[in-house]
Structures are given as structure tokens and as C-alpha cells.
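Asks: Here are the chains, one letter per residue:
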Amino acid sequence: MNVTYNDFVIRFANVNGSGSASANGMFAKALFRMGVPVAARNIFPSNIQGLPTWFEVRVNEQGYLGRREGVDIMVAMNAETYAEDVAALKPGGYLFYDNSKPLAASLRRNDIREIGMPIATLLLTEFTDLKQRALFKNIVYLGALSALLNIEFDVITGMVAKQYKGKDDLIRPNIHALELGRRYALDYLDSPIEHQVRRTDANGEGIFIDGNTAAALGALYGGATVCAWYPITPSTSMAEAFERYANRLRVERKTERRKFAVIQAEDELSAIGMVIGAAWNGARAFTATSGPGVSLMSEFLGLAYFAEIPAVLFDVQRAGPSTGMPTRTQQSDVLGAAYASHGDTRHVLLFPSTPKECFDFAADALDLADRLQTPVIVMSDLDLGMNDSVSEPLAWDDARRYDRGKVLDAAALDGIERFGRYLDVDGDGIGYRTLPGTHPSKGAFFTRGTSRDEFAVYTENPDAYQRNMERLQRKWATAATLVPQAEIQSDGRKAGILYYGTSAAPMQEALDLLREDGVRLDRIRVRGFPFGAEVYEFIDRHAMVFVVDQNRDGQMRTLLSNEGDLNPAKLISLRYYAGLSVSADEIHRQVLDHYRAQKLPRLKEVGA
Amino acid sequence: MTFVAKPRARHPLLPLNELNLTRRDYEGAVSTLCAGCGHDSVSAAIVQACAELSLPPHRFAKLSGIGCSSKTPSYFLDKSHGFNSVHGRMPSVATGANLANRALYCIGVSGDGDSASIGLGQFAHIVRRRINMLYIVDNNGTYGLTKGQFSATNDRGSTSKRGVPNLYEPIDLASMALQIGASFVGRSFSGDKRQLAPLIKAGLMHPGMAFLDVISPCVAFNNHNGSTKSFQYVREHSGKLMEADYIPQSAEINADYEPGSAEDLLMPDGSTLRLRKVDANYDVHDRIGALAHVQRCQDEGEVLTGLLYVDPDAADCHDILETVETPLNALTEEDLCPGSRELARLNDSFR
Ligand SMILES: Cc1ncc(C[n+]2csc(CCOP(=O)(O)OP(=O)(O)O)c2C)c(N)n1
Ligand code: SF4
Ligand SMILES: [Mg+2]
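As they're listed, the protein sequences go chains A and B.
Residue numbers for the first sequence, in my numbering: 1 to 608.
Residue numbers for the second sequence, in my numbering: 1001 to 1351.
Bound conformation, chain B alone (with noise of 0.2 Å):
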């Protein structure tokens, strides 16, 4: 079988990579996500990693759970299979199709939702199992899908950052993931090609758990009683003549700022979320330092993005179960039945 896809006519302006494929080859269906999310600069970063690396665009399995988040496999890589499973549950599809193929590149995008909430105990174990694969959560800080609702991820009280007034302690998925033993954690921000394109780049190169919190507004709700962008304030505010779900038309958020450097970017509900990127001194190598400068942003109002920690050697699921090279979706009967002779002598081992 080639991993290489037949030559065919191009747009003589597209760049080809090493496997004379265009980023076009990456693509997947068009979006159906609310013109301006987050989510969808986040396809278009895996797009461009993917062509950027010359991976062979069949040779991925794409998983999700449920929510908008979870629909985006469909927008990147169609050359390859896709799963939508159900809600707070890829984490262990993900884990069956990576122990039925190693050979594969595994991407699984989640929510905030599907990963903070309903899937946590998913999410932590998939991430104590290494198993080598490329975990990014789309994260908005609100349950898109069902319109709105609070999502674990925010912060409490806050108001400054995302506009999202949270009465609870906030989960940080990046800081679970070092202390659980993510081999790889990074954060960034959808709207921040520069920084997220290479950090999809190198999650899908490590050879183990790579878990990569992308912050990714949700332009339509916002959940922000004073907001009047909220699902309710539009509701309320709407007449008769506009639909309870009308969602107003809006522009990508960008970011593009230096590392080491903060920048603040205004939110779709009005409030200013603070980035701060790791500089070039940042040590990757350490877990704890890791966790410890996380920790301390936070506390200042910031949210520190960029490659938060590696491990390089890192072992994953097939090395600390020691598999087989061969994908065990590959193994045959002879590979697989000891055979009569061999049941023979365990009926007598039952005598």
C-alpha cells in the first residue's frame, strides 16, 4: 500500500510539500460553526500542520465527543476517518483505536464541556495511560452547543478575563495534564496561528500523550448576565421580528504578540482575556516549574501560553504494554489462535 496520493492538476499558486500534496489535500468539509469561532481557526491550524509536515493525509483517526468543538473533525483532513462518539467519552475511543493501530496519527479535539465536566475522569486517565496521541481541547469556556451554559473551565468570580461570572473553582486542564503525567502540554490561543500551527506540529511528532488547551472564543454565547451579546440578553432584546436563536455576524479574534510578551485581547463579550507567552529562557523540561508558573500566572490574571512542558523520551501506552511492533488490527489467525493442539493440552490442564 503507498501513503502517497496520485499526482493531480494544481493551483499553480499552492505550495506542494514533500509529498507533492497541497494543503487543499488537508482540508476537510466546510464548517458549519457560527461564522468567527474559535473552533474553526483551530481546524485551519491542523490543516496547516498536517501539509506542513507531510503526513500522509489518510493516515489519520480523528475522534471527538459531542459539541461544537467535537463536530470539527469533519472541517480538516477528509482523506482520513472520522469518529464522533458521544459526549465526554473520546478519550477511551481514542484509546481502543490507538491500541488497535499504532501506526496511525491519532487527533482527538474535545470542549471544555466534553473534557472539564461530563469526561474529566476520562480525560485524566487517557492522560495517566500515554497514550500517543494528539489531545486538544477547543477551549471557550461555555457550552456552545447547548447555548451558553457555564463551563468548568472559568475562573471564579471572574469577570476580567472571559466575562463569565462563575460562582465555582475553575478546572485547569493544562495544569491537570502535568500533574497527571502529560508528557506534553502546551497551551495557545485559536486565533494565534503563529504560535499554534507549530505547536500542533510538535504534539503530533511526540511520540506520547501530547495535550495541547487551545482557548477558542465562542462568538455567539457568552453567558454573561450583563452582556449583551448573552443567548439571553439577544433573546429579550430581539422583538418579534428576530429569531430567539439569531446569532450576530462576527470577525475572527487574532492574536499575534512576542514571546515572553503579554498581550490583551478583548472578548466577545466585552471582557479582556490576558495572554502571556513563554519566553525564550523557559525552561520545557521541567514539570514542576511548569506547574508552578502556570499557577502563578493565573493568580496574576494571566493565562501563560506557549510549549508549557515536554518530556522527549516519553514512553507511551504500547511501550508500557509492551505490544506488538505490528498493528494488532493487522494480526491474523496465525498470529492470533494457538490452534488445536494447544487446546488439547489445556482441555487436560482441566482434568
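So here's chain A without its partners, still in its complex pose (with noise of 0.2 Å):
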């Protein structure tokens, strides 16, 4: 037998609503617990039972944690797509199933190795509530797998105990149910298989943890006090998220009250509205949607531009329309978060690739809003925002004060003559704002859009128009310098490569396979826009850059050519947007096919 330990891809087929959910969470979360590097994706219907879904888990001990094509394990629980899920198992694969009810033979083939284990018909005797029969159906396959793939059993019990704590009722039948199936795997079935897990500590300090969570711990400990928000699939768990911690960790000792307000609005207009008007007051502010509340929040998006209002939203990004597929990641709102509105507008963007970014970006959104008086865009997409993946541990540093940018409180008016709101004191773009009722006759003024001087004063004025337009085009160049700088790893190669958010996960296990095939990349990972000068200083160093967008459109390459006012064709653009995040596969054949079709050179070649 040709083992192998902690690499491989299983897949997950089951139904939704059937309650496979946490058992695939536990298989792991299990693995994480040894040690292992793990990634795990849920692939499901915007539909609440009844439908297929499925639940991918990369397991890899360098650390490739983004997708890989081809699957060696499926746990094939849905009848209904055997047959795709039976044809997505690479040649030598293992086919585990149901074998209660004998497989068409339609669905054999003979280049991959069934595990056919009757799991309906031992739980028939074991079980004899139905609910339990069903429920149990993924424990007994959980129990199976820690046999066949040679996971330490005590991981798991103990986290069914660890689940259950206090109800010993449920934990009983749970522990009953994985001991049938792994007793059952150890006797009657080949355990353990080729791909096995073994303990080693290449997660360190890591946790496993999705990026929704971690955002809401951001925005949590960056202080933000109103949350405002519309359900949406796949930002709906940081709302509900940052209200539960906030419940826990919010709350004032003596009078139990909080110190936090969490508004579930009627619909994503008045969420971001709810946002602004907060902002405004001088409370820290944020909203977490998905495309479609982006479109809805437009109008607000361009009046917070121009009024100069922070307001901090999460666009946690999903495929197509509101009737498309809501439930599949893409990086969709590039272009439509960057110039979201009518008129001149720009929006500051956010670009967080891992769970621990998410944090990161949640809390400097909020100082950078404050800042700036501008909205900031953090944009997620649903892999990172819904999906569990090994990230570096959250951290805060205690002495860090939140940057509530530039604010006169009454002492500051009074040492002033006259206040102006929109006076460029600093000649970064960026007025003084004051707080309704700081003080009794100075600093007051009225928020509109842009038809006002420096004064705040009402004018149409095409002069003081202009003058303002020119100050918010100096404060973009301020924001340029203080958005997160991109990350670079330059070997002075002539070709690079640009990508941005999930499309890091597989990059560098790309940029191996491109190795052994003799391409080699310098690489930029984008983290913020307006792009900072080493963007554009990478881009002119190097005579062919790949831009890698998870969008049919290529809208980083656009936002890149017209903001930089680059040459589009030295962009080369990689295109992923089927729905599932890009993989390592993906981006390493897209580059080939390019080298191969303009004949360019490669090492090997070279070389021979």
C-alpha cells in the first residue's frame, strides 16, 4: 500500500437540513485538533432541507489550503448525485457509501475503490426513533472514517462530549453511534486506507475559525457600537456573530445594560442609513451585506462620500444576482464597491485574504472611516467569510487607542476663530468635524451633499463646487497612503503575479506547480484601494503582470488600468468565477495556457 499522511481532498455529499452539518464540521475540526492544516468548504443551495449540498475538506501539511481539483475521498450520502459526485473522485480514489441499498451499476467504475458500508441497515436495529436513525447517519460515517483514515478517536468523543456538556442523554447515543461505526469499519472493512492522518503541529498557535467570526471580533474590539444590517446569505453570520459576542463581552457589570445597539433593519437601504446617521453622531458604525444590499445602498454610499460621513460595511461577496447563485463565492463587487453611486465617486476598499485579516481590517476599518470621514468597503466573499480555515491566532495590542480622526470638542472651538467643516487646514483633504451639541454657539453646521463652501454654508456656486470636488480628490491621495500596504515578494523576475482577497489561498501552492514547469512569478497580494504607489511601482517593473480576479470580468484589471492609467495589455487577466473558490489548479493552468499561447520562454527551456 502507498500511504500517504495529511493530504488529501474528501468531499461530502449530503442533503441539506439532514443534520450532516456538524457532523462534517467535527471530521474537521477533529483533524485541526492533530495538528493537521485544514480548510474546509461548504458548498450548499440557497434552500433550507431538501437540496444537495457539500462539504470539502483540504487536508495538507505544508499548508496548500486552497482548493485543489479532484477528489480522493467522497462520502457519497445522496442518492440523487451519485453520479456527479461518483465522476469528481480522481483515478484511484475512494467511493464511500450507503451500501444498504445496493449502487447501479451504471455508477461503477472500475479506476476508483468503493467502500460500501450498510449504514442504514445497521442503524434500523441500533435506532428506533426515526429522527435519531436519520441524525445518526452522519455520527456512524464520522466513526467509520476515524478507521479508515486513522484519526485519533478520543479527538472526536471528546468533542461530542465537549458539544453536549451537561446533557448526558445526547451524548450517550452520539458516543453509541461513532463507536457502531468505527467497530464496524475496524472489523468488516480495509482500515486504514492510503490517505491517513497522523498527529504532527503544523498549525502552532493557529485557530480554526471563519472569516464572519472573526470579522465581528474586529469590529468588536475596534469598538464599533451600532450594527445595523438586512439578512443576507453570506454576511448574515457576522452580523449575528458581533450581536452574541457583544451580548457577552458588552455588557455593563452593574446595570446589565449595553453598551452596544444592534438593529436589524427593514431592509438594506435603511441599514446603511441606521449607519450613517450613527456615524454622523459620532458612534462607530458598521453594516455587513452581500452584492445585492451594495446595489440598495448606493444612494446612501454616494451622500456619505460627499457628505463625509465614516460608515464601515462588509460586502461579503456571492455569485450573480439577487435570484443567482446566492449561496457560491466570487469576488463580484470589485468595480461596483469601488464607485458605488452616482456622480465622482470612490469608495475605500479593504481586501482580507484570511480569517486573522478579517479582524485586522474590521478594527482598522473603523479607524480608517473615522480618518478619512469617508465609507471603507471591507470585501469578503463568502469562502472566507462562511468557511472554517486554519488562521494565525487574532491578536490586539492593549495599547492601541482607536483613531477617531479628526473631532473638535468644545475646548478645541474655542480656541478657534472661526470653524470651517470643509477647510483643508492640513492640505491632506481630510476638514475638522464636530459632534452634534458639543458646543452651545460654535461648530455647529448642516450635513448635506456638495452644494456648500467652506463654511458648511449653503451655496450653488460653481467655484466653491469645484474646490470641493479637488479637496476629496487630495484626501483619495491621503487615503492611498494609509489603506494597508500590498504585500510583495520580488525575485526581480520579469513576470508577476497581482491578486487580491481569497485568491491567496492557493497562490502559493500555484506558484510551485508553475515552478516545476519553469515559470516563476514575482507576486503582489493587493490589501487596499485606492492602490498604493508600490502597486503601480510593481506593475511598471515588471513587463507582464497576470491580474487573478474570481469575477467573468476581470475587475481588478480594470480597476487597475483605469485608476493607474496602465497599458491593459501588459495586464494579463486570470479568470475564475464558476461559483467555487479559485483553485490551485486553476491559476496554474491559466498561466501555462498564456506562456504556451504567446510561445514565451520557461526556464526548462531555456535551460535544455
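No wet-lab data here; the hints were simulated from the structure.
Any given hint could be a false lead.
The following residues of chain B were derived to be distant from chain A, with all beta-carbon distances above 12 Å [stated by the list, open to error]:
#1 Leu1013
#2 Lys1147
#3 Leu1167
#4 Asn1254
#5 Glu1302
#6 Cys1337
Sample of chain B residues facing chain A (criterion: CB under 7 Å; computed from the structure) [unchecked claim]:
#7 His1058
#8 Ala1097
#9 Asn1101
#10 Tyr1257
#11 Cys1297
#12 Glu1322
#13 Pro1338
#14 Asn1347
Calculated pairs, SDA-like style, for lysine to any residue (alpha carbon to alpha carbon, straight line, at most 20 Å) [as the list claims (entries may be wrong)]:
#15 Lys254(A) to Ile1320(B)
#16 Lys356(A) to Asn1254(B)
#17 Lys406(A) to Ile416(A)
#18 Lys259(A) to Asp1335(B)
#19 Lys29(A) to Ala1344(B)
#20 Lys165(A) to Arg1345(B)
#21 Lys259(A) to Thr1332(B)
#22 Lys442(A) to Arg1024(B)
#23 Lys29(A) to Arg1024(B)
#24 Lys254(A) to Asp1335(B)
#25 Lys442(A) to Leu1019(B)
#26 Lys356(A) to Leu1019(B)
#27 Lys442(A) to Ala1344(B)
#28 Lys162(A) to Ser1349(B)
#29 Lys259(A) to Ala1103(B)
#30 Lys442(A) to Arg1351(B)
#31 Lys259(A) to Ala1315(B)
#32 Lys259(A) to Arg1024(B)
#33 Lys442(A) to Arg1345(B)
#34 Lys356(A) to Ala1330(B)
#35 Lys259(A) to Gly1339(B)
#36 Lys259(A) to Ala1330(B)
#37 Lys29(A) to Ser1349(B)
Beta carbons: idealized from backbone N, C-alpha and C, even for Gly.
Starting from the two chains in their separate frames, assemble the complex, guided by the hints.
Replies: Given below as C-alpha cells:
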């Protein structure tokens, strides 16, 4: 047997609403607890019960945690999708299925290995309750997998005990179902199989967390006090996590009253309106939404840009329109968010790649919005937001102070002859603002769009309008120096690859694959918009830069060429937009295709 | 911080309130609305009410949507911050502002287009959330700022009251507010200072959502096809010498009538509006009775005015959310950030 350790892709095919999510989650977490790097990906329908759902786990000791094409082990628990599930297996892969009913001959492949287990039959004699029978199906295969893959059993039983702490009547049957599966696999199946797990310490201090939870904690640590939102997958869990943690960590001891307010708004227009109202009045506020919500928020985003109000928005991107593939991932809103609204608007964007960065950028976004007095949009996506993966632990420096930006208090106002809200006192395009109720006679002003002068006095004077727009442009230039810098690895290669957000997950693996084919690329991970000087310098230094986008139209490439006035021919677009996260193989293939099509020299060929 | 402005030289005839301020201290910029516009009378009543209540003139948050009515927060309380937001969305901005600082008085001014059409959803939801504020709709039955289109508050087929021939069913914001749970609902007429200013005072002092539907005639656009003062008529009959947007100078329409009685008012388009004041025996604590009374008057072609309903013990949104007394915008790192030790525990929970 050709055993490999800690390196496989396993996919669970289930029916949604069947209770598989918790068993599958335990599977991934057990591996994480054995020190093995894992990333889980839930591929689920926009439906509550009865439709196919898949849960894919990438296991890789080297830390390649992006998606990889081809499945090594398929846990096929949904008869309806047998055909495509069998087809997804790599040659030599394992098909684990419930053989209480025989597999149709048409589904058989002679290049894969079948592991049949009579799960339904086993449960029939063990559990009388119908609901338990259905639920424990998942627990039984989890038990069997522990034997097949050599997962430490007490890690799993420990998780069950922790999950149902204090509810012995739940622990007992769960453990029994686990043992049932494990026993059967040990006694009747060829356990373990070629793909095995073994304890290691590759996760170090790492945590296993999803981006939305991390972002919620970042907002909490960053001092957000108002959260207004409207439910939409895949952002909902962020607002819910914020409320859950705030209820634990933001309650005044003495009075048991809350130091935050969460409002589930009637729609996204209202959600962003509340955020803007709260921020105008000096509270740190945010909303979480997805593409359809950003569309609805557009008018308000423009107002916040022109009226210069800090607002923080998390756009957990998903594919397509509202009736499209709402539960699939994409980087679909880059252009829409960057230029959201009417008039000459531009918005600051942050692109997190890991849960840790979701946490950091959430807190940073609150600072940046206050500093720049403008909306800041954190561009996460479904893959990052809703799936657990190994991340660096979250970190907070207790010496950190919130940057509330340029806000004048009563004493400061007393020292000023005449307050001018939109005066560019410091030359960075950012004026000083005051909060309502600060001073009895100074500093009050009327907030409106653009028809105003430096002192916030109403005017439709053309020069005043233009001066204001030019100042906003200076502010934009300041923003480029404040957003997180791009991460660059440069070895003086001729060509580079530029990517952002979740395309970072498969990147190391893709570059390693390319290296084997004689293609070496410098790399740059963009983390903020407006682009810093380092982004343009990188592009300048390279003859050709691949730009990876998880959308059909190459939105980042358009944004780059538009903002930097760049020659688009230099920016080679790599696009993936089928709704899963982009895989290392896909990036590898598209880059190679370009080299082949353009007959570009590769190192091997040059060397040969 | 002191809420009391420093004393300064006063006009000897202007009376001082408890803060040693005169009505002047509560005024705003000079109005740019049409002469005689009802909205200016509403602003004047707000000034009067705030001055008489001796409220600190800088401790307000003034919010509005878009429309002539929504411009008015510039014209009162210029020591306070104002926010002219987007069309129909004042309620959400006011909600956020109130969440951020519960210690400020919050006044929202909107129009019938702003609140009954584009913003009907936000209107309904701010009422049910019981945001502690005074929400005034300057109801002129038309879109003033976009030059006189129909609004949703007109009675269907009505030509007798406001003269606007409307083909669709009307939305009565006061009835809606009663139904959705506003704890204070009143209706008045812009030109009835004796009734309006006290209602505004009561609304400001009410510890929850106070809604006032204020009928406030538009003297420029009436959109009555037969009206000689309609925009269309003026344009068609004005000849070359007159600008298309010529607005005839009008006088303010005033009303002064006793509780229980009715008064017929001549509207700018030539129609009459019959107002009926609630009488002394009216039970302001009976929500269902109020709804029925409003509807009955409507059927009889009358608009019921006065304080229609109040629940003095109403809870506001901060009570519902159980937020701290300190305004959320005044909380500091110490109050808000759980710190690195807690984060270490959180990290552990993800292992
Ligand atoms: C999104 C949007 N749509 C349309 C408009 C144009 N608009 C400005 S004011 C207004 C109507 C205002 O009517 P109302 O609220 O009754 O105020 P009034 O001027 O009558 O006081 C409209 C439709 C706008 N500003 N924004
Ligand atoms: S158009 Fe009508 S509502 Fe607008 S200012 Fe003139 S009178 Fe008032
Ligand atoms: Mg109107």
C-alpha cells in the first residue's frame, strides 16, 4: 500500500437540512486538533431542506489550503447526486457509500475503490427513533472515517462530550453511533486506507475560524457600537456573531445594560442609513451585506462620500444577482463597490485574505473611516466569510487607541476664530468635524451633499463646487497612503502575478506548480484601494503582470488600468467565476496556457 | 460642558426664557422657501416651542430627507447640527443618530412625498421601533420641490378639500402611526399657531416616538387641472414675458378655532379644507378610539386635528435594546474593547 499522510481532499455529499453539517464540522475540527492544517468549504444551496449540499475538506501538511481539483475520498450520502459525485473522484480515489441499497451498475467505475457500508441497516436495529436514525447516519460515517483515515478516536469523542456538555442523554447515543461506525470499519472494511492522518504540530498557535466570526470580533474590538443590517447570505453570520459576542463582552456589569445596539433593519437602504446617522453622530457603526445589498445602499454611499461621513460596510461577496447563485462565492463586487453611487464617487476598499485579516481589517476599517471621514468597504467573500480554515490567532495590542480622526471638542472650538467644516487646514484634504451637541454656540453646521462652501454654508457657486471636489481628490490621495500596503515578494523576475482576497489561498501552491514547469513569478497581494504607490511600481517593474480575479469581467484588472492609467495589454487577466473558490490548478493552467499561446520562454526550455 | 450659552446684549423687548435666551437664539438661516409656504410656519412653531421649553438650542439633532419640507431644518435651531439626507430615508438616519446619542433631542422633518411615498417603509419601521424623537411631516399633498406632482396623502377624487383630483386611495400617516404603535400622534395645521406650538412642545417632551402630521399648504403648486394657480396653468397662460417658474406671491394661510369646532380654510387652489379640532372630552389615551374617530371624520370630509393619542409611559428604542445611559458615542476604549487577555480566551475557543 502506498500510504500518504495528511494530504488529501475529502468531499461529503449530503442533503441539506439532514444534520450533516455538524458531523462534517467535527470531522474537520478533529483533524485541526491533531495539528493537521485543514480548510473546509461548504458548497450549499439557497434552500433550507432537501437539496444537495457538499462539504469539502482540504487536508495538507504543507499548508496548501486553497481548493484543489479532484477528490480523493467521496463520502456519498446523497443518492440523487451519486453520478456527479462518482465522476468527481480522481482515479484511484475512494468512494464511501451506504450499501444498504446496492449501487447502480451504471455508476461503477473500475478506476476507483469502493467502500460500501450498510449504514441504514445498522441503524435500523440500533435506534428505534426515526429522527435519531436519520441524524446518526452522519455520526456513524464519522465513526467509520476515524478508522479508515486513522483519526484519533478520543479527539472525536472529546468533541462530542464538549458539544453536549451537561446533556448526558445526548452524549451517550452519539458516542454509541460513533463506536458503531468505527467498529464496523475496523471489523469489516480495509482500515486504514491509503490516505491517512497523523498527528503533527503544523498548526502551531493557529486557530480554526471563519472570516465572518473573525470580522465580527474585529468590529467589537475596534469599538463599533452600532450594527444595522439586513439578513443576506453570506454576510448574515457576521452580524449575528457581533451580537452574540457583544451580548457576552459588552454588557455593563452593574446595570446589565448593553454598550452596543444592533438593529435588524427593514432593508439595506435603512441599514446603511442607520450606520450613516450613527457615524454622523459620533458612534462607530457598521453594516454587513452582500452584492444585492450594496446595490441598494448605493445612493447612501454616495451621500456619505460627499457629506464625508465615516461608514463601515462589510461586503461578503457572492455570485450573481439575487436570483443567481447566492450561496456560491465570487469576487463579484469590486467595481460596483469601488465606484458605488452616482456622481464622482470612489470608495476605500480593503481586501482581507485570511480570518486574521478579517479581524484586523474590521478594526482598521473603523479607524480609517474615522480618519478619512468616508465609507470604507471590507471586501470579503463567501469562501472566506463562511468557511472555517486554519488562521493565525487573533491579536490585539492593549496599547492601541482608537483613531477617531479629526474631531473637535468644545475646548478646541473655543480656540478657533471661525470653524470651517470643509477647510483643508492640514493640506491632506481632510477637514475637521464636530459632533452634534458639542458646543453652545460654535461648531454647528448643516450636513448636505455638495452644495456648500468651506464653512458648510449653502451655495451653488460653481467655483465652490469645484474646490470641494478637488479637495476630495486630495483626500483620496491621502487615503492611498493609509490603506494597508500590498504584500510583495520580488525576486527580480520579468513577470509577476497580482491577486487579492481569497485568491491568496491557492497561490503558494499554484506558484510551486508553475515553478516545476519553469515559470517563476514575482507576486503582489493587493490589500487596499486606492492603490498605493507600491502597486504601480510593481506593475512598472514587470514586463507582464497576471491579474487574478474571481469574476467574469476581470474587475480588478479594469480597476487597475483605470486608476493607474496603465496599458491594459500589460495586465494579463486570469479569471475564474464558476462559483467555487479558485483552485491552484486553475491558476496554474491559465498561466501555462498563456505562456504556451504566446510561446514565451520557460526556464526548463531555456536551460535545455 | 455647560449647556447654557453666554449672556449677550439683548433686544430689550424680547422676553428671556429660563436659559436667559430669546426666541432669536432658536432661529436658523433665512428661509429660501416661497413666501407664504406653510413649511415656514412650522419652522416658526418649532422655534417658539423650543424657546418656550427653554431647551438648550445646541442639543438637538435635526434630520430630514429631501424636499422643500426637508430643507427647513436649516431655518430653525442654527446652534444645532442638521443633516439633509436622501429622499425618503430620514427615518433610518434619525434612528442611527438617536442610537449614537440618546441625550440629544431629535427632530426629523419630512414631506408627504418623502414619508408617504418613497419613504413609506422607513416611516413605518421607525414608528414601530419607537425611536425617541419628534417626527414632523409637512403635509402639503404635493411634491413641492419637483414642482407639484401628486402625492400619496390626497383623498381619492377629492376636489372639495385640497382640490387635487387624485385617482388613488390616500395614505393617512396619522392613522398608520396609530396602527403601528406610535406612542404620540397628533395632527395640526401650519397656520394654527395656538394649536401647533403646544403640540410640538408635547411631542418634544414625549419620551418616545412622537409623530405630527402637519397640514402645510403649498402656495406654489396645487396641480389642480382646473386651477388657475396650477403650475401648468401659469405656464400656459403666462405669455412670453413671464418666466415659466413664476410663483405668485401669496399670503400665509392662518387658522384659529376652538376645540370641538370646525373651520373651513380656503386653500391656494381655491378649494376648502375643513379642519375639526378634538374637543375637551376626547380621550387621548384610547388608541383604538382615536383610529375610529380619525376615520369617521375622514368619511365626513373633515380632517381631525389635535393631540390624537398619547401613551405617556411608552418605552423607547433604547429601553427595548437595554442600552446603557451613557450615549454610545461617548464610550471609550475602556468601555468597548475586551482586551488581549479576553482575546486569548477567544482564540482558545477556536482551537
Ligand atoms: C431618489 C430620489 N428620487 C427623486 C428625487 C427628486 N425629489 C426631490 S424632492 C421630491 C419630492 C418632495 O416632496 P415632499 O416630500 O412632499 O416635499 P415638499 O417639497 O412637498 O415639501 C422628489 C421626488 C430625489 N431627490 N431623490
Ligand atoms: S414649492 Fe410649495 S412647498 Fe415648496 S417652498 Fe414653495 S410653497 Fe413651499
Ligand atoms: Mg409635499
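Asks: If a hint holds in the structure, say so; if it does not, say that too.
Replies: For each hint, the structure was consulted:
For Leu1013(B), the requirement that its beta carbon stay farther than 12 Å from each beta carbon of chain A is met, with the minimum near 22 Å. No Cβ of chain A comes within 12 Å of the Cβ of Lys1147(B); the nearest lies about 18 Å off, and the non-interface call holds. For Leu1167(B), the condition that its CB be more than 12 Å from all CB atoms of chain A holds, with the nearest at approximately 28 Å. Remark: the non-interface label on Asn1254(B) is consistent with the geometry, its nearest Cβ contact in chain A lying 29 Å away (cut-off 12 Å).
A cut-off of 12 Å between C-beta atoms confirms that Glu1302(B) is not in contact with chain A; the least separation is 33 Å. Not every Cβ of chain A is farther than 12 Å from the Cβ of Cys1337(B); the closest lies at roughly 6 Å, contradicting the non-interface assignment. Interface restraint check for His1058(B): the shortest CB-CB distance to chain A comes to about 5 Å, inside 7 Å, so the restraint holds. The beta carbon of Ala1097(B) is positioned within 7 Å of a beta carbon in chain A (closest approach about 4 Å), and the interface hint is therefore held.
For Asn1101(B), the interface hint holds, since its Cβ comes within 7 Å of a Cβ in chain A; the closest pair sits about 5 Å apart. Hint on Tyr1257(B) is violated. Least Cβ distance to chain A is approximately 36 Å, over the 7 Å limit. Checking Cys1297(B) against chain A by beta carbon gives a least distance of about 30 Å; that is not within 7 Å, so the hint is violated. The restraint placing Glu1322(B) at the interface with chain A holds, with a minimum CB-CB distance near 5 Å, inside the 7 Å limit.
Nearest Cβ of chain A to the Cβ of Pro1338(B): about 4 Å, under the 7 Å cut. The hint holds. About 4 Å separates the beta-carbon of Asn1347(B) from the nearest beta-carbon of chain A, less than 7 Å, and the hint is met. Of the supplied pair hints, the one linking Lys254(A) and Ile1320(B) holds, its CA atoms being roughly 18 Å apart against a limit of 20 Å. This hinted pair does not check out: Lys356(A) and Asn1254(B) have alpha carbons roughly 64 Å apart, beyond 20 Å.
Annotation: proposed proximity of Lys406(A) to Ile416(A) holds, straight-line Cα distance about 14 Å (limit 20 Å). Note on Lys259(A) and Asp1335(B): the hinted pairing holds, with a Cα-Cα distance of about 8 Å set against a maximum of 20 Å. Between Lys29(A) and Ala1344(B), the direct Cα distance comes to roughly 19 Å. Compliance with the 20 Å bound is thereby established for this hinted pair. Under the criterion of a C-alpha separation no larger than 20 Å, the hint pairing Lys165(A) with Arg1345(B) is consistent with the structure, at around 19 Å.
Annotation: proposed proximity of Lys259(A) to Thr1332(B) holds, straight-line Cα distance about 10 Å (limit 20 Å). For a cut-off of 20 Å, the pair hint linking Lys442(A) to Arg1024(B) stands: about 16 Å separates their Cα positions. Distance hint between Lys29(A) and Arg1024(B) is unfulfilled; the C-alpha atoms sit about 68 Å from each other, more than 20 Å. Distance restraint check for Lys254(A) and Asp1335(B): the Cα-Cα separation of roughly 13 Å lies within the 20 Å cut-off, and the hinted pair is therefore satisfied.
Using a Cα cut-off of 20 Å, the hinted pair Lys442(A) and Leu1019(B) holds, with the two alpha carbons roughly 17 Å apart. Taking the CA atoms of Lys356(A) and Leu1019(B), the gap is near 53 Å; set against the 20 Å cutoff, the hint is violated. Restraint check: the Cα-Cα separation between Lys442(A) and Ala1344(B) comes to about 45 Å, which exceeds 20 Å; the hinted pair is violated. Proposed proximity of Lys162(A) and Ser1349(B) is supported: the alpha carbons are some 11 Å apart, at most 20 Å.
Between the alpha carbons of Lys259(A) and Ala1103(B) the distance comes to roughly 15 Å, so the proposed pair stays at or under 20 Å and holds. With a C-alpha separation of about 53 Å, the suggested pairing of Lys442(A) with Arg1351(B) is violated against the 20 Å cut-off. A distance of roughly 18 Å separates the Cα atoms of Lys259(A) and Ala1315(B); the hinted pair therefore holds under the 20 Å criterion. A distance of roughly 38 Å separates the Cα atoms of Lys259(A) and Arg1024(B); the hinted pair therefore is violated under the 20 Å criterion.
Simply put, Lys442(A) and Arg1345(B) have alpha-carbon atoms about 46 Å apart, too far for the 20 Å limit, and the pair is violated. The suggested pairing of Lys356(A) with Ala1330(B) is violated, with an alpha-carbon distance near 28 Å, which exceeds 20 Å. For the hint pairing Lys259(A) with Gly1339(B), the CA-to-CA distance comes to about 15 Å; that is within 20 Å, so the pair holds. As the CA atoms of Lys259(A) and Ala1330(B) are separated by approximately 10 Å, the hinted pair is consistent with the 20 Å bound.
Between Lys29(A) and Ser1349(B), the direct Cα distance comes to roughly 12 Å. Compliance with the 20 Å bound is thereby established for this hinted pair.
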